[in-house]
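Let the sequences and hints guide you as you build the complete structure.
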Amino acid sequence: MKSARDIARDVRNGTTTAEHELASSLAAIHAKNDELNVFLFVDEEGALDAARRVDARVARGDDVGALAGVPIALKDNLCQVGVPTTAGSRILKGWRPPYNATVIDRLLDAGAVPMGKTNMDEFAMGSSTETSAYGATRNPLDTSRVPGGSSGGSASAVAADMTTISLGSDTGGSIRQPAAFCGLVGVKPTYGLVSRYGLIAFASSLDQIGPFAKNVADAATLLETIAGHDPMDSTSLPEPAPSLVRHVDDGVAGQRVGVVRELFEGADGEVVAEVERATAALRDAGATIVELSLPELHLGLSAYYLIAPAEASSNLARYDGVRYGLRVDADDVAAMNEATRTAGFGAEVKRRIMLGTYALSAGYYDAYYGQALKVRTQLIDVFRRAYQEADLLLGATAPSVAFSIGEKTANPLAMYLSDVFTIPTNLAGDAAVSVPFGVGDTGLPVGVQLLGPGRSEARLLAAARVLEVADGRS
Amino acid sequence: MTLPDGWELVVGLEVHTELKTTTKMFCGCANAFGSEANTNVCPVCLGLPGSLPVLNVHAVDLAMAIGLALHSTIASSTFHRKNYFYPDMPKDFQISQYDLPINSGGYLDLPDGSRVTIERAHLEEDTGKSTHLGGSGRIHGAERSLVDYNRSGVPLVEIVSGPDIRSSDQARAYASELRGILIATGASDGRMEEGSMRIDANVSVRHPGDPLGTRCEIKNLNSLRSLHRAIDYEAQRQVELLEGGATVRQETRHWDENLGETSTMRTKEEAEDYRYFREPDLVDLIPDAAWQERIGAGLGAMPAERRATLVARLTSPTSAQLDALDVVVDLGVDELVLAAIDANIDPSLALARAANELAAAIDDVANLTEGAFIATLAMEQGGELSATQAKTVLLELLANGGDPRAIAAAKGFEQLSVDSLDETVADLIAHFPDEWVRYREGDEKLAQFFIGQVMKLTKGQANGKAVIDQLQRRR
Chain F
553 MKSARDIARD VRNGTTTAEH ELASSLAAIH AKNDELNVFL FVDEEGALDA ARRVDARVAR
613 GDDVGALAGV PIALKDNLCQ VGVPTTAGSR ILKGWRPPYN ATVIDRLLDA GAVPMGKTNM
673 DEFAMGSSTE TSAYGATRNP LDTSRVPGGS SGGSASAVAA DMTTISLGSD TGGSIRQPAA
733 FCGLVGVKPT YGLVSRYGLI AFASSLDQIG PFAKNVADAA TLLETIAGHD PMDSTSLPEP
793 APSLVRHVDD GVAGQRVGVV RELFEGADGE VVAEVERATA ALRDAGATIV ELSLPELHLG
853 LSAYYLIAPA EASSNLARYD GVRYGLRVDA DDVAAMNEAT RTAGFGAEVK RRIMLGTYAL
913 SAGYYDAYYG QALKVRTQLI DVFRRAYQEA DLLLGATAPS VAFSIGEKTA NPLAMYLSDV
973 FTIPTNLAGD AAVSVPFGVG DTGLPVGVQL LGPGRSEARL LAAARVLEVA DGRS
Chain D
8 MTLPDGWELV VGLEVHTELK TTTKMFCGCA NAFGSEANTN VCPVCLGLPG SLPVLNVHAV
68 DLAMAIGLAL HSTIASSTFH RKNYFYPDMP KDFQISQYDL PINSGGYLDL PDGSRVTIER
128 AHLEEDTGKS THLGGSGRIH GAERSLVDYN RSGVPLVEIV SGPDIRSSDQ ARAYASELRG
188 ILIATGASDG RMEEGSMRID ANVSVRHPGD PLGTRCEIKN LNSLRSLHRA IDYEAQRQVE
248 LLEGGATVRQ ETRHWDENLG ETSTMRTKEE AEDYRYFREP DLVDLIPDAA WQERIGAGLG
308 AMPAERRATL VARLTSPTSA QLDALDVVVD LGVDELVLAA IDANIDPSLA LARAANELAA
368 AIDDVANLTE GAFIATLAME QGGELSATQA KTVLLELLAN GGDPRAIAAA KGFEQLSVDS
428 LDETVADLIA HFPDEWVRYR EGDEKLAQFF IGQVMKLTKG QANGKAVIDQ LQRRR
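Chains F and D supply the protein sequences, listed in that same order.
Numbered per our numbering, the first sequence spans residues 553 to 1026.
Numbered per our numbering, the second sequence spans residues 8 to 482.
For the record, the hints were derived by calculation from the structure and aren't laboratory data.
This structure is a prediction, so every number in the text was calculated from the model and none was measured.
The C-beta atom is built at its ideal place from N, Cα and C for all residues, glycine as well.
Please note: incorrect hints may appear among the correct ones.
[Claimed, not checked] Some chain D residues close to chain F (C-beta under 8 Å, calculated; not the full set):
{"#": "1", "residue": "Leu55"}
{"#": "2", "residue": "Asp99"}
{"#": "3", "residue": "Phe100"}
Next comes the structure, spelled out in structure tokens:
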């Protein structure tokens, strides 16, 4: 299949049309969506409008943009005017946003063609796309397995060649882990690099929107398109989008790569083996390898499972049946709120709302939420010191390859552990990339993770590109 | 009202004032009162999924102006979320300031010389407005509730006083003085009847010297009169409870203006745990020195100073003059009065016209130039216009602006010539010989009688002072 950059080039030079590319994408979606349950809504009309606008712009001779005519799948927590947006929850069933997320406006400006909304764990709370109110999504590489989560739909869309690129969101690993499970490149950008305006919040201080792609250059192109300051998001970094595509082939010569023991220890042998092979590949490409131990990283998981639910308990309060989405009527307002939320939220969301409410409650705040904030500050410092010794860090993305559907649904803690390597980056607000590298014993892809300080995306993508080449993927 | 001997009232006030910004606190919607319901709304102030707040810098300007006027310390501050469910609060949390408010400490001096300390004055957003229809008419037991989100996200400053207030009169004086300051800073229009200033009163009683008693918080007092009455009622209720051997239960109470009573809204046990935490969608608010200086430089004189300036221009102020002066400063027309006094207008006349005629049409005061005000008063003072005529001219100037002399001419306010007034007075003396004799013998009350007669005959066109001059001359 053509890359996103090939499609955009061909649309711009008239070799193909956006409408033609749209038709190919739709055909793939129609062929596979019933089996995989990737798209919750396919926006055929909107996509056709967008494609025709791109073709008209090309015909006029306009400079259409880096994603001219490229079909893209969007995680269902991104607001798009008039397009049903549920965040994978029953409570938002049928809600159509009256406004576009900033990333959607930027995609449209760059000529991309949004194909519809992809399945996800409810409100992004999960690591397998099994907590969705609309059923689990299957991994296209092995349909008995999960695609990872929470952005499992967006990962599957690309893995199944329904679209060449997609957007997900990453709060504790929700882009990187499904990228690893589906054999894709996935980027968790620096906090503030991509506007969150129009992203349905899970945990506001951790959420970031980021790209999925089959190759590093496409991921760089997509990230460059959506990044940069947005006055609608107060936490948006002040700088314009960084140049990423231009640096994809910069290599790693002279870079110090810190291989962090705590970021692969405890992972399955097939995963550890690929991390070791990636270490060698980076060394062969001219990087200096530094072995590091950051024992404090293990605190990340418990801090995350206090901070993220605490913020979520507040962010999800608005789903009360008063203004939009589901309403279950009852005798008075409080009873209506309760009935609506009882019926509208799934078990995992309820579990996290309760955890977060408890962590913020009078008498418990200091011991739980307050303590978690201290751990977060400590982790930021741990990373800051690590980045004095290394320019980037290497580890595994997830402890295993894609696991089976239903394997971990009965055990929330086992599910939470699948994010143990990805969570620390979100807590620190830093950047990280998952890049496919090798396969495990059953032929399923393994993802290795490259981590860097804030705004190090160009450096990380260049390193990812080195691994992509070493793995014979281009 | 005074409490029975041996009891002392302790009151602290929380005053919420809406800030007079063009747009709301976290979005670009109009901050306007009286628009059609749910027309000044957007994804942000409706709390739609995915929306994010962006702080309105002008709201910060006004909050800092309030802080400077109250002698507060302005510091780097943060925003928190106050979490509770309420249908007129679209996110089901309110963005407010918690442990690090923009303004801390400070004080407000009252006209009687007392000082009330200020604990803090912080920024927060207003909620929407619910209307409960049918049934009880309150949220519990109404048949239907309607919510208007036009007010949702309007910027507020909450000003919290120390527990320094000792009487309902002092509470009213504090609220009134604070209202004057809010207007003078440009932060608020002070319109309590439109809800742009709302007061919660924390009331307790104790024996003097004892530690503070258990307090009750009376919510949402919407006028100075309600504030005064509610505090008196609540103090009396608490004293009666304690004297009867009962205890005061800490609770939030509702004031019913018609019944003149407070009643329980919720007890301390039912109080919400607001689960405050830092608002992750906003960054720290750091007003640097240059910003503070800019706000300070733009700040005019506060009411106390302006009253003092005016008082200094009165030789021996009467209580009527002082009352008028309070009104004039409150309305913000003291500059006009000062200019008139500078132009040799009698201070009493300037104060009276400002406190009455200008007050009657204060919303249109921008139509009245300083020159027109002075010219009108000068014509009245010089006998060219009667008091009635001068008032009419002023009201016309307020309504439509213009030139006072032209307005007087257009209205046919030709001054009575001295000759014709002389003739009229002579006729009256001939007509009322007995009254004239009594006046000549020193009965000053009869001057008013003759003025009244002249006014009747001239249909109010005569100048009272000129009549007195005539009478004096003939005495």
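Hints versus structure:
1. Leu55: At about 7 Å, which falls below the 8 Å cut-off, the nearest Cβ of chain F leaves the hint on Leu55 of chain D intact, so it holds.
2. Asp99: 3 Å, holds
3. Phe100: Holds - the Cβ of Phe100 of chain D comes within 8 Å of chain F, reaching about 5 Å at its closest.
Every hint from the earlier list agrees with this structure, and none is contradicted.
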